[in-house]
Amino acid sequence: MSAITVRVPAKVNLQLAVGPLREDGYHDLVNVFHAVSLFDEVTAAEPFDPAPGRDPSAAPLVVRVEGDLAGEVPVSDDNLAVRAARALADRTGRSYRADLLIRKSIPVAGGMAGGSADAAAALVACNELWGLGLPREDLMEIAADIGSDVPFALLGGTAVGTGRGERLAPLETAGVFHWVFALADGGLSTPRVYGECDRLREEAGVAAPTPAVSEALLAALREGDVRALGQALSNDLQPAALALRPSLANTLAAGREHGALGALVSGSGPTCAFLAESAERAHELAALIKDVDGCRSVVTASGPVPGATVAG
Numbered sequence: 251m252s253a254i255t256v257r258v259p260a261k262v263n264l265q266l267a268v269g270p271l272r273e274d275g276y277h278d279l280v281n282v283f284h285a286v287s288l289f290d291e292v293t294a295a296e297p298f299d300p301a302p303g304r305d306p307s308a309a310p311l312v313v314r315v316e317g318d319l320a321g322e323v324p325v326s327d328d329n330l331a332v333r334a335a336r337a338l339a340d341r342t343g344r345s346y347r348a349d350l351l352i353r354k355s356i357p358v359a360g361g362m363a364g365g366s367a368d369a370a371a372a373l374v375a376c377n378e379l380w381g382l383g384l385p386r387e388d389l390m391e392i393a394a395d396i397g398s399d400v401p402f403a404l405l406g407g408t409a410v411g412t413g414r415g416e417r418l419a420p421l422e423t424a425g426v427f428h429w430v431f432a433l434a435d436g437g438l439s440t441p442r443v444y445g446e447c448d449r450l451r452e453e454a455g456v457a458a459p460t461p462a463v464s465e466a467l468l469a470a471l472r473e474g475d476v477r478a479l480g481q482a483l484s485n486d487l488q489p490a491a492l493a494l495r496p497s498l499a500n501t502l503a504a505g506r507e508h509g510a511l512g513a514l515v516s517g518s519g520p521t522c523a524f525l526a527e528s529a530e531r532a533h534e535l536a537a538l539i540k541d542v543d544g545c546r547s548v549v550t551a552s553g554p555v556p557g558a559t560v561a562g
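All letters in the sequence shown, in the order written, are residues 251 to 562 by my numbering.
One or more hints might be untrue.
[Said to hold, decoys possible] Distance windows between CB atoms, simulated:
#, residue 1, residue 2, range
1, Asp395, Ser547, 29 to 35 Å
2, Gly509, Asp543, 45 to 51 Å
3, Gly436, Glu273, 29 to 35 Å
Bear in mind the hints are in silico, worked out from the structure with no lab data behind them.
None of the values given here were measured: they were computed from a predicted structure.
We treat Cβ as the ideally placed atom computed from N, Cα and C, and that holds for glycine.
Sequences and hints are given; from them, build the entire structure.
Here it is, written out as structure tokens:
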């Protein structure tokens, strides 16, 4: 095949419980991931022939980005999709070539794992393009080495992540849930938000708790109870995100005022997520909050949806 396109979803954290800082610099987490219908696409293609006399196997991986958010995405070796493709090649002990095209719709540095999603999509696309035939279990191992959120982008659906979030167990979920996401101007650095979480806890003299999954949240998912789910949403990083970006408080308040069943900062932010009772209510809510100060744009989505999938 000369090109493979993979579609990969964004995520929202239904629960993000942050434990103590570990010696390796990570935190122990309980992270309930939920994949939603806001997608990036990554195409891996065979590159054009290199210059005469150049070893084709030594040609670098090349990445391009399209979409309104393209200018916010690095096209260097720091790009997670490039890192993923290189890690996949390293696993085989060979050099491979590919041109990667990322079509961005997931917010950049928005707490919805857009970079991790692109890494997962690159793993699937290059595995197909290069004819490696690695099973999904092997891709999951590689994904965990790239970043804590990358394995879930491969898995999709709804799952609880432990450790630093990379150890996943799928969760039983009934029905479809409808969301509104308020996208903010600019992003928030995930390491900075975790650092602020630690600082706020130290300042308050509060010890980091041992993270545990919410039984109320699990029951709401199993039963498809949207109102109970809205009440059970939680994010230990939210106070830190609000401290670094105070305007998010206005966005959250506006969503609640206009009928959201649940409202929280998604992951490390600054995207705010609102749970709506139905698709119709989600569109109504989006229209009501789109002009709130600090809100760049709004999108609606639903979940759960599958993880990284080769486009038909």
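Each hint tested on the structure:
A C-beta distance of roughly 34 Å is found between Asp395 and Ser547, which places it inside the suggested range of 29 to 35 Å. A C-beta distance of roughly 20 Å is found between Gly509 and Asp543, which places it outside the suggested range of 45 to 51 Å. Range check, Gly436 to Glu273: about 32 Å between beta-carbon atoms, so the 29 to 35 Å window is met.
Hint 2 from the earlier list is the only one contradicted by this structure; the remaining hints agree with it.
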